[in-house]
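**Q** With chain W held as given, fit chain C onto it using these hints.
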Amino acid sequence: MARPPIDYLYYLRAEKLPHMWCPGCGIGILVKSIIGAVDELGWDKNDIAFVSGIGCTSRAPGYMDMNTLHTTHGRALSFATGIKMVRPEKHVIVISGDGDATAIGGNHFIHAARRNIDITMIINNNNIYGMTGGQFSPTTPYGARAATSPHGNIDPAFDLVELAKGAGASFVARGSVDNARMLQKFVKDGLAHHGFSCIEALTNCHTQFGRRNKMSDPIKMIDWIADKTVSINKAKRMEAAELEGKILTGVFHNDPDKLEYTDSYAQMVERVQAKKAK
Amino acid sequence: MKKFISGNEAVVEGALIAGCTFYAGYPITPSSEIASHLSVRLPQIGGKFIQMEDEIGSLAACIGASLCGHKVMTATSGPGLSLMLENVGMAIMAEVPCVIVDVQRGGPSTGLATKVGQGDMQQVRWGSHGGYPIIAMTPSTIEEVVKFTIEAFNLAEIYRVPVFVMTDKVIAQLREDVDLDSLQNYPITNRKIAGSSEEFLPYRAETVTDVPAMSPFGGPHLVRASSTTHDQHGRPTSDPEKIAFKNERLFRKIQDNSDSICQYQSDLMPEAEALVVSFGISARSSLQAVAEARAAGKKVNFLKLLTFWPFPDKAVQDAARGVKKVIVPELNWGQAAVEVERVLGSQIDVIRINKTNGLIIQPEEILEKL
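Respectively, the protein sequence lines represent chains W and C. Start counting the first sequence at 31; every next residue gets the next number (our numbering). Start counting the second sequence at 777; every next residue gets the next number (our numbering).
Please keep in mind that the hints were generated in silico from the structure rather than gathered at the bench. Treat the hints loosely; a few may be bogus.
[Said to hold, decoys possible] Okay, derived cross-link-like pairs now, EDC-like style, lysine to aspartate or glutamate, Cα gap no bigger than 16 Å in a straight line:
#1 W:Lys46 x C:Asp1007
#2 W:Lys218 x W:Asp69
#3 C:Lys1074 x C:Asp1043
#4 C:Lys1074 x C:Glu1049
#5 W:Lys46 x C:Glu1049
#6 W:Lys62 x W:Asp95
For clarity, every value in this text was computed on a predicted model and none was experimentally measured.
Just chain C, with the same shape it has in the complex:
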């Protein structure tokens, strides 16, 4: 049976299908319905919901619960994300699976609390100090919000990392029909758990792409987790060889698997002259513009990014092959465009459509550039 649900409700449905049993969060517009719904649903299934004192504490509590073996999530918007970034780094370093939903609004600062934006795309990539790769999903339909919330949990579990689901104010409140019954059987992945009889090292890894098996706090092993750069025992280390191994592994466990992580929809046509690359709410405007351009006889490729990080370089290259211009519509000052330019170099003209007035991009605004 189909259900007519909003983007924020879709996050909740996806999280519950994925097996989320813990949510910690702090109220912020336009993400708050996610917390409200989970405060109803989680106690019903014996899960844990806690409203923390701020976003810093929210992600911290999530990390604590995840280390005990739970699937965890928090949701926020730009100002809250800024506070969370400290513990995004913690989750990266301690290698703790967690899902962070960022319902983007207009910025900077308090900005436009009730209006749409897509200005956090580079912040999630680079926001926490020290440098690390990140995974971020950008669904643009309500069904995709459900699916990619589940995917976010799966990827968090596989790679022991924080994974972002990037929606926005419009998608959060937009309603569409979703067949939730069929999504109940969506494939779920759980973290690798160390055998109870084996000698346990919290960060056991043979190669630089290994993801160590976990053992929950309170389980059969003594567990050490640390924000400090550590060896395989979880002990602080100043040995350059061990530091290099850890840091390279944090990087390469994602980087080397980019191809399997990246998801996108590529709608290409022969002898296309232009390409539109977009994501999230702006991909919906783009889709309409591309359809209208094609109806008018224009040959246009369309690439919708469902994984924004790692950035799908190869998909962009393939979609841009032979075209004369690439149009990148987004609700910020070019956060996807800089990536497209990086991938394509200076061979192709990249046209930016940037809107930061709190409104979505109209298809006509894209159409006139095609």
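In isolation and in its complexed conformation, chain W is listed as follows:
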């Protein structure tokens, strides 16, 4: 049986609309995929804590009708860690931009991943600092122009999938806004995953990134994303030369058996209290 259409407004604070994002911004597609994933999972929105830091992406919780916490730049995961530690039965979601998550928040990111605490980290990777006026971020491609790399970016970029995997995340996926259905599936699987899950969403910031890199309209940028991405399944059938410069999408890591942090803590408390009772 077909699912009933999603009542998006149920999950949104209608009084806060219209949103502050630029027309055509990829964050809208990502937020829609998050709502879709939550709806598919049938979660009670009261059981969700939606946490963010600072930046365009971090404005998302402001529009969501859930428990929301809008925090300081880069620190969302640490606030979320405090929430999850004392409310392990609740769903804790963090949404973050590439700069928020991996520059100023890089330390918190790798350590939340290392603990494998059951938080879902959704990174809106649009390769730029949007809100502050288009400065290059840790994911801006080499050579790309930004407000602070007018001669072309010389900073090497992070591969967020490798970063999350290497740091210890037990679910790691990368989707993109040109394939919203697949993105929603990754978000849903990440949310359902017990452990630290990281979903990178490749999105368009045509205003700050696109305009400086000959892609000033959203369609051009989404085409650019579609052109440079290849699913890991398709990549298996491709030659190395064909894959040159491509970015892979898909689920890169999924270990549901890895010990989750709040479970580990509960086990420790059990041991301590049993020992004390003796």
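**A** Frame of chain W, contents of chain C only:
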């Protein structure tokens, strides 16, 4: 029964009596025993202990847990405090109760990791950007450390603010007898919680001195908390009237209650010619100096600050009435003295005793100024 405990252990005892169930921290000398002891004690009572990746994350985790209804604490020293200041502002703006213990050491920068200092007093007042009032306690005995840690939790809960307990390297490791059994009954205050049936606004306030009732994340209401300047719904606002109301309330909920927040010990005598004002470890040196001066026939008032912020202006005025000089001994370059000078104006000579060589002030150093 009395227990012979250190200042750092006293913080732990005070926190547990107050009902602390969550601690997040990052190792730093000379505060580390606080974390060590709580890593033993909290799991025993089903509380949560987490060692974070840095001090920024530590206070962030505390704020997250506090929003879920827990009483939370972190402890650090100067360099860690510098990192925490960002989220001190967050706790001020989002109005989240939390207790921060600063075991002061010599500075600036890495400074003197294992030696005493009192150089963070103005940093806790002004350190985070934007401007806000703050509450900071300065116990000087081990029993006071227990009591004022409890008081810090109480005040954090009442006013929905971060509250500092300012100790130092010497007090942290000093041991004294404390009757912990009698302190188990110390009055405890809990935050005001919104009724589950009423319509909930996370920042509901009628007047500029109101402290909004809270509702824990995961409880009966949807809760919004924000670091951005917000209205009573917790929504970002650019309405000057709403901004003014919020900011004035953040200020006045503390300022208008200064008299009830401020605690001090005032030991005054008729026709006193001098006053010694001090706090923390330096108050112990001062106490000895005042006793010796009095034994030698001098008339000296003594004022020990137990609340450094809000600064007890009135207590200083009262204690300084009629005296010719005021002596302010402290382990920094005059962080209490500037406040005393502000309160007294230029009518009375304020003599500073400042020591920053990693040692405490000897009573003789104060005595010679009396």
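**Q** Looking back at the hints listed earlier, which ones does the structure fail to meet?
**A** 5
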